[in-house]
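Top to bottom, those sequences are chains A and B.
Just remember that my numbering sits 15 ahead of the position in the first sequence, which is counted from 1.
Just remember that my numbering sits 434 ahead of the position in the second sequence, which is counted from 1.
Note that these hints are calculated values from the structure, not bench results.
Keep in mind that a hint or two might mislead.
Listed below are the simulated BS3-like cross-link pairs for lysine-lysine, each with C-alpha atoms no more than 27 Å apart in a straight line [stated by the list, open to error]: (1) Lys290(A) - Lys385(A); (2) Lys946(B) - Lys99(A); (3) Lys946(B) - Lys482(B); (4) Lys997(B) - Lys647(B); (5) Lys797(B) - Lys647(B); (6) Lys1000(B) - Lys99(A); (7) Lys482(B) - Lys948(B); (8) Lys99(A) - Lys1013(B); (9) Lys647(B) - Lys1013(B).
Label-pair ranges, simulated between beta-carbon atoms [what the hints assert, rightly or not]: (10) Leu516(B) - Arg191(A): 44 to 50 Å; (11) Pro224(A) - Leu516(B): 37 to 43 Å; (12) Val945(B) - Leu21(A): 22 to 28 Å; (13) Leu116(A) - Val1002(B): 49 to 55 Å.
Just so we're clear, the structure is a prediction, and the values are computed from it rather than from any experiment.
Glycine included, C-beta positions come from ideal geometry on N, C-alpha and C.
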Amino acid sequence: MPRRSLVVRIAQIVSLVVVTVLFVVLILSAFMNDGMPLTTLVPGGPSAQQIQDLVVPVFAIAGVVFVGVMGILLFISWRFGQDKDDDPEEFPEQVHGRTALEIGWTVLPAIILAGVAVATVVTILQLEKRDDDAIKVQAIGNQWWWEYKYDIDGDGNYDGAEDIHTATELVIPIGREIAVTTTSNDVIHSFWIPGLNGKKDAVPGLFSPLKLEADEEGIYRGQCTEFCGLSHANMRMLVRSLSPDQYDEWVANQQTERGEEPSDPVAQEGLAVWKAFCAQCHVINGINDEELAETPPPLVSGVAPNLTHLMTRGTFAGSIFNLYGDVDSTDRTDGDNGEALGFEPADVAAAGDPGEALTGGPVDVENVNKVALEEWLRNAPEMKPMYAQGGRGMPNLELSEEQIDQLVAFLMTLN
Amino acid sequence: MAITEATPGPLALPPGDTDTDSRPGGIFARPTSNTGWRSWITTVDHKKIGIMYGAAALVFLLIGGFEALLIRVQLWAPRGTLLSADLYNQVFTMHGTTMVFLVVMPIGAAFANYLMPLQIGARDVAFPRINAFSLWVFVAGGIFLNSAWIFGGGADGGWFNYAPNNGVIFSPSHGIDFWNLGLIITGVASLAGAVNLIVTVLNMRAPGMTLMKMPVFTWMTLVTQFLLLFAIPVLTSAQVLLMMDRLFDANFFNVAKGANPLLWEHLFWIFGHPEVYLMILPAFGLVSEMLPVFSRKPIFGYPFIVFSGVAIGFMGWGVWAHHMFVSGIGPISVTAFSLTTMFIAVPTGVKILNWTATMWGGKLHFTTPMLFSIGLVAMFTIGGLSGVTHSVAPADTQQTDTYYIVAHFHYVLFGGAFFGFMGAFYFYWPKVFGYLLNETMGKFNFWLMLLGFNLTFAPMHILGLQGMSRRIYTYDEGYGFELWNKVATIGAFILASSVLLFIFNIFYSRVKAKHLPHPGADPWDARTIEWMTPSPVPAYNYDPVPTITRVDDFWYRKYGETKDGKLVRIAATDDVVQKRSDGKHIHLPSPSYWPFVVAFGMPIVAYGLIFSLWLCLIGGIIMVAGIYGWVLEPPDDPDAVHDDHEPGHASDDGTALEAGATADELPDADADAEADTAEKEAETVG
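Chain A extracted, bound-state conformation (with noise of 0.2 Å):
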């Protein structure tokens, strides 16, 4: 059956080339880290290049043997087939072991990952060491979005009055530790920004320790990744670095109260229908945060995002939609994916820019998502899945336009 086998030689051919071109193009492509935002590959900070100074030569360690084993095996299959001509009962030499050569194989990978056992201990215990002057940072999982507690005052507590309690966007300064510790309100999340370290699982009732430190200003992209329930795939955390200037402006902005009326008529009245539908489950400190100290939110995590600042961050509902940004790029969509979200999330690839509004400036209001807000506003668990019936998450409050807008206008003033 030549014609039959013919199709299984083009088979062979395809495949192997295939597979090895993918292979190829693999290992390239793990060098073009252009517009991956949550690439393990591209440290941002020194605990991240600690790790990637480990992992690039075990990678290339792992590399040779994996090129050793499949040159071995095509090899092998090159010299040692059988030919059609030969005779069947011809045998090779018949070899049941050489234990010389077992030891040897033996010894020779143990002694390998004992140099590499060496290396992984020092870089765990690195990993492990605190700079005294660290700001201690609590990262507090929820369903589905993250909570920052600041111990500003350093006495070890995360609720003094200076402290701060913010949401969804971790503000930092560079080149100075972050000593983060995870844990969790509801279930287990786990904490992971790639460019500045590895993750920390965050588990309810446990304090898990992860040190965070940038390099640079900018944006660092994390994603959660302890599956979570319904919307863990939309449960983004979103770090800004700032220079130590800028964040020190932000802390003074963050440690402020809301209080006083907004002047504007319409958010005065969104202050109003704030009070009635949000100040149940949400926090703006000055206003309600001494009833919800004493009768907590009827969420199982007990807490809802921090809003006082609301405006100082490029992101909300789990950073997956942009505060600010070109307002056509996140027009409603119709048809096919409209359904499942009824909204187009943020393009990564521009976070959200509060502007001046980050250290408290006044707020862009050209420049804000009204139509994301809105539509949030509008019906919150069509744009994340959630369980707000199961004191999961944001329910439909069933607002009236009018009462969106005056919200709308609201929280704008919450800088």
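Given the coordinates of chain A, assemble chain B onto it according to the supplied hints.
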């Protein structure tokens, strides 16, 4: 070595006691048919049970594979809309659970059941009815687990099902209850099977087969079953705690009441990591059978292959927390488990190198089983190397829970275990069913699977390293995930088509086989004694049971080896293999309804726990009735027909007569063999 041969041992039923009513409880007549569907329900034949394990696993493979395709279609492009977040979470949970518990484990069990008794020259396993019970419990558990789709949706907590996300608050549907109870049920099957197969290997080997003359697959089966024996109870304990939490408001995993969620993680992975090895070791055993046959050389370093398998079996218990490097267990634990994980690579590497050395200098026949075997060595090497990269704990903190891990374990479990199984399907098909699978289609099957497999899973390495998280139902544009997700999805469909081609080949070859010569007992010129039996293997396996003198005993009945390693044929294969006899003088265990009855009481109890405790009562009554019938049922049907005696007088003197026959057949059966048969008598209690 027939079941009732030889003098009764201390555990044997005294002669005459089995001559009781053959209708215990007066409900069912003792099943007698050896053909037709009823024979499959009531069989206690390890071969039929093995086939049914395999068939059930293939059905579940299609279900799990369909779920895999749903996942791949959803991830084809950013913001896929095929599945909702909720449904996606159910699908990936059920895909993982199905593939691990209902596909890879039972295919291993299928080969263990079918082959292991043949490889050790036994008539059946030690406890044939318990063996049937294992099968039906597994089937019942698998159906129960998948019935969640009808009753409100599958489990949505991931196959690892971490607490507290597995609690009622966070997963209020019944999906996790189905997952939990279903796996408790299949755990019963694994545990009963493990005890059974361990006893079989240790007690029922043919005369002369010492442990170090056992085929490698039998060795790996033994290690696997020990792993199951100790691993399954850990999972079951954790699941019973979870059941108490979910159904009876206990607080084992309730953080608000002081629980530590890491308890579940530890229990799960103390089970879960040995689980990984017990999925891969059967395939290691199978490839160790196939490579020597098609290299025309003995396995290189038999004792090293065996002991590296045993070493993996032991070391596999000391690595579980490498699944928990980022869980906050602390740097000392991380260091310890990082080191143990690295060094488990050593025995695994020994195996790879021994297989390579087996092929080196051989005359390789590139049959389909050989291609899959080489494929296993190559693909498992990739999985093993990526495994070493995340034994490096700091690296793992970047890699864990990303697609890099998904790539890794698919290279281990698909490129490793499943490639081995595919090879073994092609290899053992003629032995089991009496016809060869089409080789041309088989080779095409291999190349298609190799292509599809690599296209699907190789890109996941890079996806993971570039930050794609696991278990996400959607991803956005701008992360650079588009290209490789598309490649993976294309690969998945090629992979699926290669599996369908295999199933097509089964039927195609079956039809074509009618016009082809029968493959005979030994189509591959193989080495181990199972190839001495006629194909398909008769119910009694061996007649007479061979006496074993060395590893690859069958091979050395055909060939002699000179001192300088040259082979000389000393006997024609046809003269060495066994001829089919009527087997009527061999007393086989009789079929029984009861294992089936007891097994199917279990899911009814489980439904009861979820929906109404009244159902528990019904299920419980069925189980108790089944156990009652089982206990009262004589192990051997006194009415079964034999040469030696008339129906109705089976046990009066049959034992003594057949013991005499043994002595004639096996003149050099030594005291050990006698002891073996005495042990085997014990099986009649089962």
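Now for the hints, and whether the structure bears them out:
1. Restraint check: the Cα-Cα separation between Lys290(A) and Lys385(A) comes to about 20 Å, which is no more than 27 Å; the hinted pair holds.
2. For the proposed pair Lys946(B) and Lys99(A), the alpha carbon gap of about 24 Å is at most 27 Å, so the pair holds.
3. About 23 Å separates the Cα atoms of Lys946(B) and Lys482(B), which keeps this hinted pair within 27 Å; it holds.
4. As the CA atoms of Lys997(B) and Lys647(B) are separated by approximately 20 Å, the hinted pair is consistent with the 27 Å bound.
5. A hinted pair counts as satisfied when its Cα atoms are at most 27 Å apart, and Lys797(B) with Lys647(B) qualifies at roughly 24 Å.
6. For the hint linking Lys1000(B) to Lys99(A), the alpha-carbon distance of about 21 Å falls within 27 Å, and the restraint holds.
7. For a cut-off of 27 Å, the pair hint linking Lys482(B) to Lys948(B) stands: about 22 Å separates their Cα positions.
8. Using a Cα cut-off of 27 Å, the hinted pair Lys99(A) and Lys1013(B) is violated, with the two alpha carbons roughly 31 Å apart.
9. Restraint check for Lys647(B) and Lys1013(B): satisfied, since their Cα atoms lie roughly 24 Å apart, inside the 27 Å limit.
10. Restraint check, Leu516(B) to Arg191(A): a C-beta distance of roughly 45 Å satisfies the suggested window 44 to 50 Å.
11. A beta carbon spacing of about 40 Å between Pro224(A) and Leu516(B) agrees with the range 37 to 43 Å that was offered as a hint.
12. Separation of Val945(B) from Leu21(A) is about 23 Å and conforms to the stated range, judged on CB atoms against 22 to 28 Å.
13. For the hinted restraint 49 to 55 Å between Leu116(A) and Val1002(B), the CB-CB distance of approximately 26 Å leaves it violated.
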